[in-house]
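For the record, the sequence lines run as chains A and B. Sequential numbering from 1 applies to the first sequence in UniProt numbering. Sequential numbering from 1 applies to the second sequence in UniProt numbering.
None of these hints come from the bench; they were simulated from the model. Some clues are possibly wrong.
Which copy is meant is left open, so a pair is good if it fits within one copy or across any two.
Unchecked claim - Simulated pairs of lysine to any residue, SDA-like, Cα-Cα distance not exceeding 20 angstroms:
1. Lys-194 x Gln-213
2. Lys-400 x Gln-418
3. Lys-194 x Cys-216
4. Lys-194 x Gly-220
5. Lys-427 x Gln-415
6. Lys-421 x Glu-40
7. Lys-194 x Thr-217
8. Lys-320 x Pro-370
9. Lys-400 x Thr-438
The structure presented is a predicted model; accordingly, all values stated were derived computationally and were not measured.
2 protein chains.
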Amino acid sequence: MHLETSPLVPVLRTDSGSSKVLLRPRTSQEVAHILRYCHERNLAVSPQGGNTGMVGGSTPVFDEIIVSTALMNQIVSFHNVSGVLVCQAGCVLEELSRYVEERGFVVPLDLGAKGSCHIGGNVATNAGGLRFLRYGSLRGTVLGLEVVLADGTILNCLTSLRKDNTGYDLKQLFIGSEGTLGVITAVSILCPPKPSAVNVAFLGCPGFAEVLQTFCTCRGMLGEILSAFEFMDAECMKLVGLHLHLACPVQESPFYVLIETSGSGAGHDAEKLSGFLEQVLGSGLVTDGTLATDQRRIKMLWALRERITEALSRDGYVYKYDLSLPLDRLYDLVSDLRARLGLHAKHVVGYGHLGDGNLHLNVTAEAFSPSLLGTLEPYVYEWTARQRGSVSAEHGLGFKKKDVLGYSKPPEALQLMQQLKALLDPKGILNPYKTLPTRT
Amino acid sequence: MHLETSPLVPVLRTDSGSSKVLLRPRTSQEVAHILRYCHERNLAVSPQGGNTGMVGGSTPVFDEIIVSTALMNQIVSFHNVSGVLVCQAGCVLEELSRYVEERGFVVPLDLGAKGSCHIGGNVATNAGGLRFLRYGSLRGTVLGLEVVLADGTILNCLTSLRKDNTGYDLKQLFIGSEGTLGVITAVSILCPPKPSAVNVAFLGCPGFAEVLQTFCTCRGMLGEILSAFEFMDAECMKLVGLHLHLACPVQESPFYVLIETSGSGAGHDAEKLSGFLEQVLGSGLVTDGTLATDQRRIKMLWALRERITEALSRDGYVYKYDLSLPLDRLYDLVSDLRARLGLHAKHVVGYGHLGDGNLHLNVTAEAFSPSLLGTLEPYVYEWTARQRGSVSAEHGLGFKKKDVLGYSKPPEALQLMQQLKALLDPKGILNPYKTLPTRT
Ligand SMILES: Cc1cc2nc3c(=O)[nH]c(=O)nc-3n(C[C@H](O)[C@H](O)[C@H](O)COP(=O)(O)OP(=O)(O)OC[C@H]3O[C@@H](n4cnc5c(N)ncnc54)[C@H](O)[C@@H]3O)c2cc1C
Ligand SMILES: Cc1cc2nc3c(=O)[nH]c(=O)nc-3n(C[C@H](O)[C@H](O)[C@H](O)COP(=O)(O)OP(=O)(O)OC[C@H]3O[C@@H](n4cnc5c(N)ncnc54)[C@H](O)[C@@H]3O)c2cc1C
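Just need the whole structure built from these sequences, with the hints factored in.
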């Protein structure tokens, strides 16, 4: 449904790994052999999916052996009544998406990197993305996992059951653990029925307060058919225009909002949506808007939002922050930073999954500069911590953010995380130097 | 929205605890003191919420000290834009429900025991219930927990953020762990907006195949407004009539289905529902049906389904099974058992959350009999294991089912569970003899 993005190398410009060995197993058994071998010999391993992660989690820091899921791309089964898909971890998200859509279902997860990222990588990072608002977290939609543990043991929790309360839910340990507790080799995921009607509205708002009020109005009036509520500021639009030559489809505004509805009755949905648009245009919450109902126009509107990452990476060096914040303070940080940085930054932009309280804050500059970094950090993290926000809403910690965990989690939590790591990976061979803070 | 049930003592007839001490702390600090004290002295503890659990998890086996959340019933905060509710673990589900409904939201969880069960107990058992089909698992809707660990450490993961990928998601360890890994003292949960239109249809189906086809039709035609799909067989209806004097609202049929819709547009929903009813009545999938749109009638119809547990307990001794099974084989087990037991059982009934593949299979007899038990077990578990089902879909394992875990989980999973238990509760003071199998 959304546009493919171009190669993402620039995003990862700061992390060039130096591994001499890249292994591409085809089966869980092969992964088990590799880990058993590495475990015996104390060799460190970096699991790698599509390598689209934002925090340097899948690239080796020193000489870790890369275990890539690139060849583990088989669909195991799909049940066309229940919508349960079982597949190997290396299946590319977009391919899974196509596969289940042909059968009347959708993958409950969608993101700009879909053309490259693997479902195993998505699960390992607990990816959020564009459908989170509607279908919720992978913690609810992933039904089962097969995981190879550090010592090569295959842990089969690959159930396809919607409900299973027999003991502790072990798969949760591996969702979002970024390859530090085990290698995910297969995934069972519940796909919801494909909505028969999809609409996208792209709106211009005069201020952030109006963006928030538009969100509240929208949730009330569109209710259960609302499937995405994304926002971007005028700076984002400028960059998307400048670097990708995408035209703004509405009057220039300080803020833009993309609303998607997905429902089972085209007529009903259109009626709800037009009632909503009348309301927000009439009350001045929205100054201009456009509506798309056909695939091509829908893709075009989504591209504006999805290709921001790409536009940013063409603008220069990018400092990236992915934060959860209380809605009413969400944009204040962007304004604060803009004032704080003045001419030291090229652009300070804010966009993201507003419906989930998730801000992507990005700062571009001609080149990396330690002094700019010093102005940004720990300022951004301290600001976020004061709002009791999260310093990593969906991207995880990986290598780049592992030392900021303490801004969002208390010491008792950190200690328990370290105990879990020691339990599951006593030799520390799984993705070392990632996720957990450097011990001091 | 649903009817209250009467006291549930008969359900727990087989487990009468023998504790001499019952503590009712008011704060997390008090819970921490209790656990610190018990931990130092190797005293075992049984956490207890509303005591409505089905598997004897909250009653002491020997001399465990009961730590009840009965007095921890304060609401901490409610945010009326985001719908995030933060409260102490001892809040009664129905009271929370009333509180948030007055503010335009609903708790994403509802079950027959709502008048007595505590939110902490719900989280500790990872309860499923009647809204699971619509709002999904507590693993997605619970945003944060505060937990007191075995040694009295307070673990504060009580975030209110929709998304937070800073490290391992520790709260997941405690969801569904039935008080064996920590005592939940506070819960943060995301409440969805209250749907403005609710309808309930109660239908009679000529056979189980028709029940399944009705489900598929319904999912296709009602889509995102479908909020519950429950079924019960003719035996259930008989018992509800016999013991509770509730009248069947439609023509007598082999099976009954209760469908609830919840949406934001009354007119649209009614239209979708009547289109669906026309379709299923016209095609013979449904032989008779009734529709309720007002609160009183809706409650009346829900009572038929929700009070089955109560009717069963008045029928005699009840053997209870709570299974996840593939939809197409779900009812075969009930038929098989009926044939197998013949006159040895009073009644063999099947009902449950069909939309989630969850069968409640219950057998009643005049009194407990080891020979009847021997005919039922391990037959039921083996049957379920052959279908790769779950021997406990939503009720958990507690004391009664802990030794059947192996029918649904491989030895590697069991071992990791035991390691987690040893890590979090090295002295084994938290709800001993529960959830994990007796070591042999
Ligand atoms: C344009 C763009 C848009 C994006 N949009 C979003 C978004 O909306 N929401 C979001 O959450 N993220 C987003 N991301 C980030 C990224 O795409 C996701 O984190 C994605 O889930 C990573 O998948 P991957 O296969 O590329 O994993 P990789 O980058 O290869 O790996 C990510 C981490 O997971 C580990 N890992 C990978 N595979 C496995 C495995 N099989 N077993 C164990 N560990 C493994 C790696 O070691 C690493 O720590 C975006 C990225 C880009 C470039
Ligand atoms: C009529 C009826 C209908 C039901 N319907 C459903 C249904 O639809 N779906 C469903 O899933 N269940 C259902 N149940 C089962 C039961 O209601 C649920 O399991 C409920 O969530 C238990 O809550 P409680 O507060 O009564 O917990 P309790 O019974 O007191 O305890 C249950 C378990 O949780 C532990 N526990 C309780 N509180 C805490 C805490 N604060 N911290 C740590 N551990 C704790 C206990 O030690 C015990 O192991 C039903 C029960 C009845 C009687």
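Status of the hints after comparison with the structure:
no.: 1; hint: Lys-194 x Gln-213; result: between (29 angstroms within a copy, 18 angstroms between copies)
no.: 2; hint: Lys-400 x Gln-418; result: within (18 angstroms within a copy, 33 angstroms between copies)
no.: 3; hint: Lys-194 x Cys-216; result: between (26 angstroms within a copy, 14 angstroms between copies)
no.: 4; hint: Lys-194 x Gly-220; result: between (23 angstroms within a copy, 9 angstroms between copies)
no.: 5; hint: Lys-427 x Gln-415; result: both (17 angstroms within a copy, 19 angstroms between copies)
no.: 6; hint: Lys-421 x Glu-40; result: within (18 angstroms within a copy, 26 angstroms between copies)
no.: 7; hint: Lys-194 x Thr-217; result: between (25 angstroms within a copy, 14 angstroms between copies)
no.: 8; hint: Lys-320 x Pro-370; result: within (15 angstroms within a copy, 65 angstroms between copies)
no.: 9; hint: Lys-400 x Thr-438; result: within (11 angstroms within a copy, 44 angstroms between copies)
Every hint, counting from the list given before, is met by this structure.
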